[in-house]
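Chains A, B and C, in that order, give the protein sequences.
Following the numbering used here, the numbering of the first sequence begins with 1 at its first residue and continues without gaps.
Following the numbering used here, the numbering of the second sequence begins with 1001 at its first residue and continues without gaps.
Following the numbering used here, the numbering of the third sequence begins with 2001 at its first residue and continues without gaps.
FYI, nobody ran anything at the bench for these hints, they're computed from the structure.
Cβ atoms here follow ideal geometry from the backbone N, Cα and C, with glycine treated the same way.
Any given hint could turn out to be false.
What the hints assert, rightly or not - According to the in silico footprint, chain B covers these stretches of chain C (three or more CB under 8 Å from chain B):
#, region
1, 2003-2011
2, 2053-2060
3, 2137-2143
Said to hold, decoys possible - BS3-like, lysine-lysine: derived pairs with alpha carbons at most 27 Å apart:
#, chain 1, residue 1, chain 2, residue 2
4, A, Lys192, A, Lys215
5, A, Lys215, B, Lys1049
6, C, Lys2317, B, Lys1251
7, A, Lys209, B, Lys1029
8, A, Lys214, C, Lys2311
9, B, Lys1002, C, Lys2020
10, B, Lys1002, C, Lys2265
11, B, Lys1049, A, Lys185
12, B, Lys1233, C, Lys2265
13, A, Lys249, A, Lys196
14, B, Lys1367, C, Lys2311
15, B, Lys1445, A, Lys207
16, B, Lys1251, C, Lys2003
17, A, Lys186, A, Lys226
18, C, Lys2020, B, Lys1295
19, B, Lys1233, A, Lys207
20, B, Lys1002, C, Lys2003
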Amino acid sequence: MNVILISLIALGVIGAASAIVLFFVAKKFQVYEDPRIDEVEEALPAANCGGCGFPGCRAFADACVAADSLDKLSCPVGGSPVMRKVAEILGLSAAESAPTIAVVRCNGTCENRLRTNRYDGVNSCAIAHNLYGGETDCSWGCLGLGDCEVVCPFDAIHVNPATLLPEVDEEKCTSCGKCVKICPKKIIEIRKKGPKSRRIYVDCVNKDKGAVAKKACSAACIGCSKCFKVCAHEAITIANNLAFIDSEKCKLCRKCASECPTNSIVELNFPPRKPKVELLEEVEN
Amino acid sequence: MKTFRIGGIHPKEYKFSAGKRSQEAVIPKRVMIPLSHYIGAPSVPVVAKGDSVKVGQLIGKANGFISANVHSSVSGKVLKIDDVLDASGYRRPAVFIDVDDDNWIENIIQSKDIIRECNLSSEEIIKKIADAGIVGLGGATFPAHVKLSLPPGKKADVLIINAVECEPYLTCDHQLMMERAEEILVGITVSMKAINVNKAIIGVENNKKDAIEHLQYLIQTRSFEGIAVEPLKMQYPQGGEKQLIDSLIRKQVPSGALPIEVGAVVQNVATVFAIYEAVQKNKPLIERMITITGKSMLNPSNFMVRLGIPLSSIVQQSGGVPDDTEKIIGGGPMMGRALASLDVPMAKGSAGVLFVPATESQRGKMKNCIRCAKCVMACPMGLEPYLLMNQSERSMWDEMEHNCVMDCIECGCCSYTCPSVRPLLDHIRYGKTTVGGIIRSRNVKN
Amino acid sequence: MNKLIVSPSPHVHGGDTILKNMRDVLIALVPAYLLGLYFFGLGALIVSVTAITSCVLFEYLIQRFLLKTAPTINDFSAVLTGLLLAFNLPSNLPVWIVILGSLVAIGVGKMSFGGLGNNPFNPALVGRVFLLISFPVQMTSWPRPIPFSMTYLDAETGATPLALIKNHFGQLPDTLDLFVGNMGGSFGEVSAVALLLGCVYLLLRKVVSWHIPVSVLTTVFVFTGILFLVNPEQYAPPIVHLLTGGLLLGAIFMATDYVTSPMTKPGMLIYGVGIGIITVIIRVFGAYPEGVSFAILIMNAFTPLINAYVKPKRFGKVKK
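Turn these sequences into a full structure, and let the hints steer you where they fit.
Set out below in structure tokens:
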């Protein structure tokens, strides 16, 4: 009986003492955290991809709560719907942004761009790039070793073994920009997804002179300026023997694509070409 | 016999072309003289399309401190200035010249008579070396005049001549020592004058006994003062600057510092030969010795080659590409670069072309790291290659910097020795490049 | 001419392989194996063959059906694990216990961590210690050495020298017998001369460096030597400690295991000293007569810590 009593008292005293200590410690070291951070984090997609420029969703939520306006903050994964929700929580207004997607700007498939040597080393674009220009004579294009595939947190980009080029899965890509950052050749670009996923872009980044580029790859942009001349919307610029289509200005008229002598301008998800009159209507819609 | 104290390996030598007298390479109809160097900014061309040039004429001017002049190695007409695929696998600017005749500019002394007298001051010598566009011919191609201009407040005690040639297969430095020993010794005397020292040590690995004896004989009979030849125990990478200093004067250059920190200046033996020609004969750097070799090569040989000649043309002269070749290396097998094509021009840093037969050109299959520590034991810089590779794979750049990745000399001992055939150096080199970039951008910010 | 191969330097390889290293260790173990067979006869043969086959078989089965990776049994590492496990078992151990030990050694000690190179603990010792704790009676009844004995399970048993020391009774075998291995014990650990021969071979072939064996043995010698000097009545002479039990086998073949030992020379010395001290503490003050296995496993656990803090001598970091 005595033993039980002593034990109970001893335990009770220890428990009470600990509780008091804990109470004061918690008071003393309490860190105030804005409850809205939790709310914002809840609204984010929890991908922790870093596409927003912050290390993880929590840090982004922190930044959102601390910011006065959401103009410069955007979650590429969630896009506008998520940012609207965040804005609602914080009582701010969200900047509207058009949906974007990663685009691989190289069409150096095995047929278009012949392999002139064999790479025998670590299966990593970064290391191959550190060594030399690549297996083909084009030292600008895709190395095909798939660093983008490894880094993608959404399983949205895969190297096609037939072409040795990465292909983006439109359903899965959230345009977080990880592949853009990792690609040593800088061939991946985040572009506007376009209405009904329709996009036109120059599928090449080769800045060599036309003859050299063409010799290395039959689908290379040779910087001939034909697309530049035909474009009515000033969306195309030519620099360093390479054309570039500004997706903000492009009206998707497809004139450049039909003009390109090397077929290096790609049109995606358009219906098959029809006689010209109907095509214009299509664009109007 | 001396050697360096940390790590090292003993690869098989295969010096097939040892003792083969050097031949003059035939000059083809067109040469492409590279304007870019491996280190530093490309030179700025000072000739234009259609200009006629003579042998030894300046065609590219040094662009900035760490850069070097480029001279025409042939006489003829400038066809164009365009990009050409070079040994690095990228397209870089070069001057294309259509060759006719062999007209030299007047002040170059073409006779082979040895001129020992040199009454120039230290500054004049360094100026002449800079004008001649001489870079380190051991492979790093660092401008020689920069090395010889001591930073203010520093004083050199000894000039170290790197005649180690620890890379397997290569024999060009060895052959140069056999054929041009006296010129080299005069070049050393001139270099000693440039940096104001009265002591020079030539470090030669003990597999070149004939060269050691030849140099020693000349030093005694022709009375070259202050120059000593030191035979070294064979061990790779003894030709590394820091390793050689450790071998010869038992001092370790601190991490991140230059050899002058321990009072030494190191020059390659081919570089001092070029210095001799530049200072005593007014001849800029327009040619160098190169070894063409390989296991299945019929006739491995050494050539004296003008810069800008395509490697394919030299190879043709030495019997063509062996049939079973699957890999061609520019330089030695440990640190050389694999070439994607033979149509690259001869550059200042090209010391050899090595043809690797199909049976040896592919890497083995990589296995798990068994943590045998052989890479740690072999690393001549006292690093932990296995750890650096792991960190590089995981992008742990801060940790890599902390583990001294910037000290790596990329000698390849780790990959050579690994029983699991792991590509240690590939990952470490990538990590080193990345960490180097991070450090540079941090220094810019501060 | 085919398309040229382009790869980063270096373009040559020294030709060293995992297989060559494992084979060298196996060759180094041959003398001890032969002497073990001589002293323990049929039992030793059955135990060793069982251990090796079951280790290889378990490795193959686990890789093939559980991990679904390409089997790596042809690198001889499983053979080595099996042989080392057998060396650490008494030669009268029933076959099923040996098989159970192999399963634990390969399955738990090696494969559960991801196979060769990833295991933090020496697999053979994991198997051995598992058996020692699970079957203390069978694992500590050592057969007496009888040349070419044809007995197996019914072998005549006797105490090992270390047990004699522990319990302070009986006459120790003389030093020559200890040296040759004419004493009770696990079948591979008894013969000092054969193990030392293997050690010389390993050092000559540069499979292992001297740091670990020398530091372990020196530490044990010095530590027991001090104890002996303090009280020769109570403590055995250091030479007896060196030659008995699994110390030589442990120091030469188990502690030097690549995967579980530190990567730098100073680290190896620390590791060896640690093993030596723990061994002597267990032998002299602990409950078990023998402590090499435990000492090695404990220091295995410290290996990552040693690797993290003990760095090799960097070039250019030394004071003149």
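Status of each hint after checking the structure:
As drawn, the region 2003-2011 of chain C meets chain B at 8 residues by the rule of a beta-carbon pair under 8 Å; at three or more, the given contact holds. Against chain B, the region 2053-2060 of chain C contributes 0 residues with a C-beta closer than 8 Å to a partner C-beta. That does not satisfy the three-residue criterion, and the hint is violated. As drawn, the region 2137-2143 of chain C meets chain B at 0 residues by the rule of a beta-carbon pair under 8 Å; below three, the given contact is violated. For the proposed pair lysine 192 (chain A) and lysine 215 (chain A), the alpha carbon gap of about 31 Å is over 27 Å, so the pair is violated.
Proximity of lysine 215 (chain A) to lysine 1049 (chain B) is assessed by CA-CA distance (about 24 Å); at most 27 Å being required, the pair is judged to hold. The straight-line distance between the Cα atoms of lysine 2317 (chain C) and lysine 1251 (chain B) is roughly 11 Å, inside the 27 Å bound, and the hint therefore holds. Between lysine 209 (chain A) and lysine 1029 (chain B) the alpha-carbon distance is near 24 Å, which keeps this suggested pair within the 27 Å criterion. Restraint check: the Cα-Cα separation between lysine 214 (chain A) and lysine 2311 (chain C) comes to about 53 Å, which exceeds 27 Å; the hinted pair is violated.
For the suggested pair lysine 1002 (chain B) and lysine 2020 (chain C), the alpha carbons sit about 31 Å apart, so the restraint of at most 27 Å is broken. In summary, the hint linking lysine 1002 (chain B) to lysine 2265 (chain C) is supported, as the alpha carbons are separated by about 22 Å, within the 27 Å threshold. Simply put, lysine 1049 (chain B) and lysine 185 (chain A) have alpha-carbon atoms about 32 Å apart, too far for the 27 Å limit, and the pair is violated. Annotation: proposed proximity of lysine 1233 (chain B) to lysine 2265 (chain C) holds, straight-line Cα distance about 23 Å (limit 27 Å).
Restraint check: the Cα-Cα separation between lysine 249 (chain A) and lysine 196 (chain A) comes to about 17 Å, which is no more than 27 Å; the hinted pair holds. With a C-alpha separation of about 25 Å, the suggested pair lysine 1367 (chain B) and lysine 2311 (chain C) falls inside the 27 Å cut-off, and the hint holds. Taking the CA atoms of lysine 1445 (chain B) and lysine 207 (chain A), the gap is near 31 Å; set against the 27 Å cutoff, the hint is violated. Pair hint lysine 1251 (chain B) plus lysine 2003 (chain C) does not hold up; C-alpha atoms about 46 Å apart against a cutoff of 27 Å.
Taken as a hint, the lysine 186 (chain A) and lysine 226 (chain A) pair is honoured in the structure, with Cα atoms around 25 Å apart against an allowance of 27 Å. Simply put, lysine 2020 (chain C) and lysine 1295 (chain B) have alpha-carbon atoms about 25 Å apart, close enough for the 27 Å limit, and the pair holds. Among the hinted pairs, lysine 1233 (chain B) with lysine 207 (chain A) is inconsistent with the structure: their alpha-carbon atoms are about 50 Å apart, more than 27 Å. Proposed proximity of lysine 1002 (chain B) and lysine 2003 (chain C) is contradicted: the alpha carbons are some 43 Å apart, above 27 Å.
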